[in-house]
Amino acid sequence: MPDSRTGVVVIGGGSTGAGVLRDLTMRGIDAMLLEKGDLASGTTGRSHGLLHSGGRYCVNDLAAAIECVEEGRILRRIARTTIEDTGGYFVSVSEADEAWEPRFVEGCGKSGITCERISVEEARRREPALSKQVRTVFWLPEDGHLDPFYLVMGNVESARRRGAQVRTYTEVTGFLKTGNRVTGVQTRDTMTGEQTTIACEAVINATGAWAGFVARLLDVEVKVVPVKGVMVVLSHRVAHATINRCHKPGDGDIIVPALSVAILGTTAVKVPHPEVLPIEWDEVRHMIEEGSLMADGVSTARAMRAYAGVRPLYDLGAEAEGREMSRNFAVIDHEQRDGIAGFTSIVGGKVTTYRLMAERVTDLVARRLGVTTACTTADVPLNDRDDDLDQLRHRPAQLGVPKPHGDDLSLQPMVCECELVRPQDVEPWFQDPAVRTLEDIRRRTRAGMGPCQAAVCSYRLAGRLITSRSLEGPAATRAMADFLETRWRGVRQVFWGSQLRQAQVTAGLHLELFNLDRQLMLEKEPAGTPEAVGAQR
Amino acid sequence: MKFDVAVVGSGLTALVAARALQKSGRQPVLIWPGLSSLYFVYATIDVLGYADATSTEPVERPDDGVASLIARDPSHPYARAGLPALREGTALLLDWLREAGFRWQGSLGENYLLPTAIGTPKPSCLVPDSMAAGDLRRPDPIVLCGFQGYEDFSPELATSNLSRSWGGAGRSVRAIRVLLPGFEPGRLFTSIDVARALEDATLRREVASRIQQQVPEDGVRIGMPAVLGLTHDADVHQRFQDEVGHPVFEIPTLPPSVLGLRLFDRLRKHLQETGVEMIWAAPAHAAEVADGRCRRIVLKSAGREQPIDARAYVLALEDAVDGAMRAGVHAVLDPFFHQVLARSAVPTERTDESPFKPQPFAKVGYAVSDRLQPIGNDGRPLAGNVFVAGGSIAGYDPVAQKSRGGLAIATGYRAATEAMAA
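For the record, the sequence lines run as chains A and B.
Following numbering that gives the first Met the number 0, the numbering of the first sequence begins with 0 at its first residue and continues without gaps.
Following numbering that gives the first Met the number 0, the numbering of the second sequence begins with 0 at its first residue and continues without gaps.
Treat the hints with caution; some may be incorrect.
Examples of chain B residues lying across from chain A (beta carbon under 8 Å, computed) [stated by the list, open to error]:
1) THR55
2) SER74
3) LEU156
4) ARG163
5) TRP165
6) PRO254
7) PRO346
Chain B residues, not near chain A, derived (Cβ > 12 Å throughout) [what the hints assert, rightly or not]:
8) GLY48
9) SER171
10) ARG204
11) ARG209
12) ARG294
13) HIS329
14) VAL363
15) ASN384
16) ALA393
17) ASP396
18) PRO397
19) LYS401
20) ARG403
21) ALA420
These aren't lab readings, by the way, just hints derived from the structure by calculation.
For clarity, every value in this text was computed on a predicted model and none was experimentally measured.
Beta carbons are placed, not taken as given, at the ideal position from N, Cα and C, and that holds for glycine.
Build out the structure end to end from the sequences listed, making use of the hints.
Okay, here's the thing in structure tokens:
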């Protein structure tokens, strides 16, 4: 007997899985999302957050560019609050770049991207950060910043309100089958080890870079190439708009002002496993050097941390390598391809096109289930009810986006001063069983993402783990330490300048004033200590 | 400007050095580069909490502990400074605290064991009166009191940890929270706001009575976040204790550290009131050396460079990268002699994988002679009349052993003594 039942099991809590979950529930299909870590803890939450106008792909990957154009416009309708419309510059800084310009202009034209060439003087007037090397500037008003965490949580909350279930830290370890039909999944809680079985009519594999591992449980092959990308976070926005290098996409040619920070991206290195994501110093250095070619202030800004994400590139069998592989996606109908009914994979793609990916795979699965309701995700906003994103108020005041009650943030107590996160922003998440670690709180609220990298808020959140989660002291202290440790992994990659002083203050506070090092030595780690799966190693 | 001895630094090290010079009848100038991390994290003066970085057994007698540390490791900054400097410097500081109006307790012969804001016992040597009642060597039950809507001290977290590590056999710990009149939840307030407000007797009595209502039992002591007065600490603490009717002790918590503010603001002001000249917010960025002696250091003041000529100099930076020390991507450069103090191929080399272990970068500093003179690559002093104290001595890392205050005192005192003789 299975422990529970649902209509469709969606595996993977990134933007694709969250989009699929919502799409299913909007078509009236009962669904459950299983994620082996936290929501948005894999590829999505480790993206650079560039909402692609399509300009980046318009020369080499026209199909992907066209999807970006269309989906970008849709997202502005349905996910308004997850986007900051910064617009973007594509800049040439060398003769080689200038040689790329005609193809770029042609590509924009072919894919329908709004692109305007502006004079360097005008560009500098609008964006004083543009470097002296800049020779040519194109303005692409549809580039922007897409908050990947907010997007996933928004989709998931919308689906939950329609009855969807969400289980985080729940890994699929096997499938239930009747003949050649998948009839359910076996799961294991990655923290408690608890095993369950869930009966369902269909399973959608939306695990991106992990899709091959899930498919292998059914002895079928899905070739996804994990390609690592390293990003560097600067402590302020550096520029008003996104900046791309106008050339054949390469390393370190994107600057994204993202909420209160700027993100430099990225590299493209094939890795043997999606969880093996070492951050090499050469990558970090290269990111800053290349960024400095496009914008002043990149090399002098305070780098706060570096992180690595993994692209799930679908291997179409071509000889293409890394970045030259298509950013397109594919729906794999395993019934047709492998003779396994009830199992479908959605692979490739990127955050900007998550909704379309969800629509395509849901179309297929719904049809198989005999559901004829059409997809409405392109039209119905995520915040389709008044209270919709009520729990998701974490937009910093720097953006001028008022939190829902719109009152003055400066007079309210904060849990995280760096990112302006208040007690009422974090408290609802402590009631959510999907939230298990302080990193999970961070992904939902941005607490701990500012310059002090959780030095202050970790203590306040640990206190709340006692009062709101009824944890014992050692478990709450361990959670605080885990949070600091996870942040530290990124901090130490860019450890120069004022980072050292910040680390001195943090050590003085936690190790000297709190004696946390001795607390950790004295208290043996409790079994099943929360450690986010898929966390950066 | 010409001076006798110039002391550069804004922490306890610099204060002790300046005071030692002053007490010996010298005319120091204190060059204060800006707020140091002291203001965020200082509370007690820890001399030696643990014998090494990994032991969990607190040192009982700091003086004995330092003596055996010196015997074990002759290159340790305590060994450079010497036990007499620690002893004499501590006596000087305790006298100074009394003269400046503080009530502090403790001696080098014992460590207190005080609960931290996460409820971990921590050994500390010299402690303000207002913290002493928290001593965990005493068995009296503890009530930890927080405030409603105050995020910076969690009595629940501290209680849960403390009752495991210390509780049992009549040693009970429990948590309460009281509502602070005028500081209702939903309103932003910091430790400093509360500390200032509690200097008002009416409010204080009201808070005391609210605590009494929640603590009907006898024989307990009350632990609170360190907010008992911003400046008039001893008075507020003593009066509040009487008003509550139980011993009360403060626990240092999230920044801003009211205890650090009280200590450093008053000591600095006391120095000024007693005639020590101060130059504010001026990081030093160059030294002029001729014939083996430093003739001048140059400060970056607002809009200009300011030369300071002294007979001797004490560089008393609190931490490895305090003040003007520059940590570039690969090299840490000292601002005076422009020596590369440390070089790393990749930035991660400066750190340990764990944020809770000793960090290589913290040990960065000048190699020093037996007289605490900075020495260059040729092994000779860079300048015979410059003496290094505090965090800019190579190998100086007070974090794991909980020795920040003692190291500051010992090296600050020793450097000042050497500067007098130079």
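Results for each hint:
| no. | hint | in the structure |
| --- | --- | --- |
| 1 | THR55 | holds, 5 Å |
| 2 | SER74 | violated, 22 Å |
| 3 | LEU156 | holds, 5 Å |
| 4 | ARG163 | holds, 6 Å |
| 5 | TRP165 | violated, 11 Å |
| 6 | PRO254 | holds, 7 Å |
| 7 | PRO346 | holds, 4 Å |
| 8 | GLY48 | violated, 8 Å |
| 9 | SER171 | holds, 15 Å |
| 10 | ARG204 | holds, 25 Å |
| 11 | ARG209 | holds, 19 Å |
| 12 | ARG294 | holds, 30 Å |
| 13 | HIS329 | violated, 8 Å |
| 14 | VAL363 | violated, 9 Å |
| 15 | ASN384 | holds, 29 Å |
| 16 | ALA393 | holds, 15 Å |
| 17 | ASP396 | violated, 9 Å |
| 18 | PRO397 | violated, 8 Å |
| 19 | LYS401 | violated, 6 Å |
| 20 | ARG403 | violated, 6 Å |
| 21 | ALA420 | holds, 32 Å |
The structure fails to meet hints 2, 5, 8, 13, 14, 17, 18, 19 and 20 from the earlier list, while all remaining hints are met.
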